[in-house]
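First to last, the sequence lines map onto chains B and C. Here this note's numbering is used: the first residue of the first sequence is 1, the next is one more, and so on. Here this note's numbering is used: the first residue of the second sequence is 1001, the next is one more, and so on.
If you are wondering where the hints come from, they were derived from the structure by calculation, not from laboratory data. Mixed in with the good hints, there may be bad ones.
[Said to hold, decoys possible] Simulated DEER-style distance windows between Cβ atoms:
#1 B:GLN112 / C:ILE1051: 51 to 57 Å
#2 B:GLN112 / C:HIS1130: 38 to 44 Å
#3 B:GLU8 / C:LEU1123: 29 to 35 Å
#4 C:LEU1088 / B:LYS135: 48 to 54 Å
[To be verified] Covered stretches of chain C, going by a simulated chain B footprint (3 or more residues, C-beta under 8 Å):
#5 1009-1021
#6 1110-1116
Yeah, the Cβ is synthetic: ideal placement off N, Cα and C, and Gly gets one too.
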Amino acid sequence: MTTARSDEFISVLERHKGIIFKIANAYARDAETKKDLTQEIILQLWKAFDSYNPLFRHSTWIYKVSLNVSLAFSRKEHNRNKLLVPLFVDLPGLAVPDESTERMTEFRHLQQFIQELKDLDRAILLLYLEEKSQKEMAEIIGITQTNISTRIGRIKATLRQKFDQLQK
Amino acid sequence: MEETNFVLLWQEHYQKIDQSLAINKRLLKELLLQKADSSIRSLIGGKVLGIIAGVIWLALLGGVLAIAFIHYSSAANYFIVSIGAIFLINVKAVYDYVRYLILINGLRLDGSVVEIQNKLLALQVSLIRHSRIMVVQLPFWSTFYLSSKWFPGAVEAGYVFFQLLFTAAFVWLAVWLYKRLTFKEPENRWVRFFLSGIGGKAILNALKSYRELEDLEA
């Protein structure tokens, strides 16, 4: 692949890096696995970049590949043989919000509850939290909008229940 | 917690991170140059080693078969038939494995989640279904050492009885395993034991995901 093509790829990644970061965060349980998963997602995106269909938005394409890689990744048993340094760099001071705040504690709980969901429900919830339309969610996941709507209802009820239990 | 708060909480947290997150371009270019252009490289690891080991094993079996044919004697009939069958079964297993790796590696991952996961899982489960053929070779391991010159004519009845019993036990085990390894009962402890030898956890996870997908599409 040419340098121009790889520069184009990097620029697409730069614009949508948040998607990969959030999905890897939701499917990987620790920092090391997160690095591996991020790397795997980027490799698969690069492999699929030549056949990218411009009819779809870049973000939709990235969601599809990233979720497919993450679901397959979470089923495997892994051996570490990859890069030791992360491909994403958090700038100091900005990246990690203040851990001590109440909102941060709530976020940690939300993250934990997301991790406890089934793999596919987790994918649906991630798209919901990103405020994707039900039409786009149905396209990414590959089920009907009605099915998406029912699922979201159930997932939200589960989350509410878990937060309620925390408060008791 | 109100449902709108989930979204707010999520977005508040990632807003700052999105702004500060930078891609390590040097590393990324290195990764793309070194690895991604060669799809074969993504097979690196146990898979390629598995294929190499399989090919060496086939070469060994093929070698001893060739020697048996070159120096043919009717005394080697049991040996030729048994090792021949083992060789063919192993050729099929290695062929299925290589085909699986090529298919799974060539699969485009930019389809919908349900479509791609269905394809990935079908491939994974089909590999295991194919791997059942390996158990068919078991009975042949109980006959390859017999010689036409002395079996069954030149041996005592007790030995013939023992050999028949021994081979029958291997046939029974092969049939039993072949029937059981259909993944209709993945929780069965014998099935689990067999699966543990061939990356069982990943396979059981695949079966679990299959059920999740069925549930999602229902």
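- Query: Residue count check for the segment 1110-1116 of chain C against chain B: does it reach three with CB-CB under 8 Å?
  - Reply: holds (count 7)
- Do the beta carbons of GLU8 (chain B) and LEU1123 (chain C) sit within 29 to 35 Å of each other? holds (31 Å)
- Per-stretch coverage check for the segment 1009-1021 of chain C, three Cβ contacts closer than 8 Å to chain B: holds (count 12)
- Task: Evaluate the given range 48 to 54 Å for the C-beta pair formed by LEU1088 (chain C) and LYS135 (chain B).
- Result: This hint holds: roughly 53 Å between Cβ atoms.
- Message: The hint says 51 to 57 Å between GLN112 (chain B) and ILE1051 (chain C); measuring C-beta to C-beta, is that right?
- Response: violated (41 Å)
- Given a hinted range of 38 to 44 Å, is it respected by the beta-carbon distance of GLN112 (chain B) and HIS1130 (chain C)? holds (40 Å)
Checked against the numbered hints given earlier, this structure breaks only hint 1.
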